[in-house]
Every structure is written in C-alpha cells, then in structure tokens.
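Let the hints inform the model, and build the full structure from the sequences given.
Line by line, the protein sequences give chains A and B.
Here this note's numbering is used: the first residue of the first sequence is 1, the next is one more, and so on.
Here this note's numbering is used: the first residue of the second sequence is 1, the next is one more, and so on.
What the hints contain is simulated information worked out from the structure, not anything from laboratory work.
Watch out, some of these pointers could steer you wrong.
Unchecked claim - If you want the footprint, here are the derived chain A segments under chain B, 3+ residues with CB under 8 Å:
1. 71 to 82
2. 126 to 133
3. 136 to 147
4. 168 to 181
What the hints assert, rightly or not - Partner residues aside, some chain A positions facing chain B, computed with beta carbon under 10 Å:
5. A30
6. L43
7. M58
8. I62
9. I63
10. L100
11. P103
12. V107
13. N108
14. S159
15. T161
Yeah, the Cβ is synthetic: ideal placement off N, Cα and C, and Gly gets one too.
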Amino acid sequence: MSKYTERIYNGIVKENPTFILMLGMCPTLAVTTSAFNGMGMGLSTMVVLVASNLLISMLRRIIPDKVRIPAYIVVVATLVTVVQLLIQAFIPALYDALGLYIPLIVVNCIILGRAESYASKNPPVVSACDGIGMGLGFTLALTLIGFFRELIGAGTILSGTPLAVTLPEIYEPIAIFVLAPGAFLVLALIIATLNALHIKNNGNKKVEGCDGNCASCSGLSRCLSEQEKQGVE
Amino acid sequence: MKELLLVLIGSALVNNVVLSQFLGLCPFLGVSKQVKTAASMGGAVIFVITIASAVASLIYDFILVPADLKYLQTIVFILVIAALVQTVEMFLKKTSPGLYQALGVYLPLITTNCAVLGVALTNVQKEYVAAKMGAMGFVTSVVNGFATAVGFTVAIVLLAGIRERIAHNDIPKPFQGAPIVLLTACLMAIAFFGFSGLI
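Shown next as structure tokens:
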C-alpha cells in the first residue's frame, strides 16, 4: 500500500473519526435525521477538511509557530464561509436542512485536529489524502447513523435521493428515532456493537480507544489552547 | 418582559442546548465524570457565553451590518470569541484570583465549545438584532446567551450526578465507556421533552 492509500484506509477504518476517535460529535448527532442529510454534512466537512489540510500544509513553513492556531482558524473559517455560500446557492434543500450546523463546521474538532496533528508536519499531497480519508470516514459514519435513524424513525430509505424507497404502511415508524434522543440511542448502539465485535476478535483484552470521556477531543482542544496561550504571552 | 421570560425558559429548558440542539457535546461528554468539575465547567460556560453573546451582538449591529459584511459573520465571531476568552482569562488572573482558581482550567477549553459560536449565530438567525428590535435586540441576545448557558449547566450537572452512580454498577462489557453515557444522555433527552409543553 502506498502512503497515499494508507492515509485513506487509516481515516476510514483504523482511526475513524466518529466511531474510534469520537471527534466532531455535534454535527454527527444533530444532522443525521436522514442518510441524505448525513451524507451532505459529511461531504461538506470533507471538502473543508481536504482544502484546509492542503492549504495549511502548503503554508506550514510560512505560518509562525506562535500564532499558528489563530492562523488555522482563519483558514478554516474562510473555507467554511465559501462552502456555506456554495451550498446556499446550489443545494438550497440541504442548506435548509443543515442550517446552523454549516457555519459550525468551523469548530468541528476533526478539522483543527488534523491541521495540528498531521497537515502542519507533512507535505501537501499526503495531507490532502489524509483529509480525504478522514472526510470519507466521517461521511460514511454520518450516512450510516442517518440511514438507521431514517429507516426506523420515518420508515423511508434514502429519501431525498433518486433511490428513495418508502416502507409499506404495515410498518409504523418510531418517531423518537428522528428526534433528539434517537441520535444518542443509535450512536450508543453502533459503538456498543463495534465494541462487542472488538472484544470477540481480541479475546478479553480491554476495549481500546475512547473511554467515554471524549478525551481525544477535549484533550486536544485543551492542548491547543495551552499552546495558544503560550503563543500570546 | 414577557418575551424575555419566554426566551429564558425556551432556551434553558425547552430547546436545551445539549439535549435537543446538540451543541457543546464535547465538554458534555468529556467533563461530566464528577459533579464538582461539571459545575465549575458550567459556571465558566455561563460566564463566557453571556459576555460573548453581548460582544457578538454589538459587533454585528454596529460593524457588520453598517459595513454590509454580514457574510463574514462566521469568521468574525470565531476570532472574537477566541480573543475574548483569552482576554477574560488574563483579566480574571489579575483582578480576581479566586474566580480564576475556580474556572481557570476550563476557560481555554471553551474556545472550541461550539455552543458559544452557536449562540452568537442563533441570535443573528432569530433576528435578535438592532435592525429588527432596536435596543431590545441586544438585551434579548444577552438573555438568550445566558439562558442557553444555564441550560448547558443544568444538563451537564445532571449527567455528572448520574455518571457518579453508574461508575459503581456492573455494566455489560460492550456498553462500558461511551455507549452507556450516550444511553444516559438519550434518556435525559426524552425526559427534557416533558418541557416542550411549557411554552
């Protein structure tokens, strides 16, 4: 496997941002009321992620170390504004569905996290591949969650796309799955399933990855801010 | 007055920022192991969001709208919030060491809390702006920010209380860690639906 495909595999499977690293939880739970919305959010994030990884990687020798976090934020926020205006102009239905969560891509910890831990240390093309991998992993996770919520909660499959299927009327949709609690429930069950598979494959070894405190996320933001603080003082 | 009270209850309980808007989930899941730390985090969030929504509202009304730069709001707000958190931290360190001791560690974490940016953007989206409501726009923005943060604090303290109990229970292996916390949050979200009849 070349290092480019390795990055993509890593993002989708080994370090899946949603199921393994538990980053970017807010959009994950908020917009996955249908597979289409989940995919739209995932792809928007991916576009921003690839572009920000590419730009930051190209600028990595120019941006002074002390102000790098604010510089990253400006780059990401600019890209997000561009994506927001594009979605508003060309896919208004998606714009209405995602609403507030499009500008909030700025504070998605996946993006700043990859900028800090990968793009700032590696050449542009590999960084872009890393962005593609992470973006695809995120998109797949969101689509999967959206698929289940939509199937159980609204009784439809892939609505909003040309492949839309509605379940026969015999099935009574369980509306709570498309409401807020359903998001928590579906994500909990998916992670528990992955944990169960992991335990089965690895005997009684301790479950690795996140220990439920979102450590990677708050830990990351904390270490980012501490570095930022040092930069300011 | 009545409108303000409605905004207060609506943002704090009915549309709870964490349990129905899904903003600020990282600290909600991350800093909720003990009631004490959860309460400190909540205090810091109330402090920052209230100030941030006031500043963001002023900047929007007096700089972005007159200069016709509304489309730059995301960039401007996030930079202002990041700078604001730094300033608040330095200011507290100098003037009130006691408060700084209590909130210190949590302040930097808040920069990446999407609830702060979320509130600033919601205030604009719901048109709590001078062009629509005059001076009340500013007041409503601040009240909305404060209420949202109170909602966050209520949710995180409750979750921490439940997690302290769960820690001593026998949980099936696959559900240990994140899944049981998410399930708890799910049940809390269902409970918070009870408030939706209030307004």
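Now the hints, each set against the structure:
| no. | hint | in the structure |
| --- | --- | --- |
| 1 | 71 to 82 | holds (count 6) |
| 2 | 126 to 133 | violated (count 0) |
| 3 | 136 to 147 | violated (count 0) |
| 4 | 168 to 181 | holds (count 4) |
| 5 | A30 | 4 Å, holds |
| 6 | L43 | 19 Å, violated |
| 7 | M58 | 20 Å, violated |
| 8 | I62 | 19 Å, violated |
| 9 | I63 | 16 Å, violated |
| 10 | L100 | 6 Å, holds |
| 11 | P103 | 4 Å, holds |
| 12 | V107 | 4 Å, holds |
| 13 | N108 | 8 Å, holds |
| 14 | S159 | 21 Å, violated |
| 15 | T161 | 24 Å, violated |
The structure fails hints 2, 3, 6, 7, 8, 9, 14, 15 (numbered hints given earlier, in ascending order).
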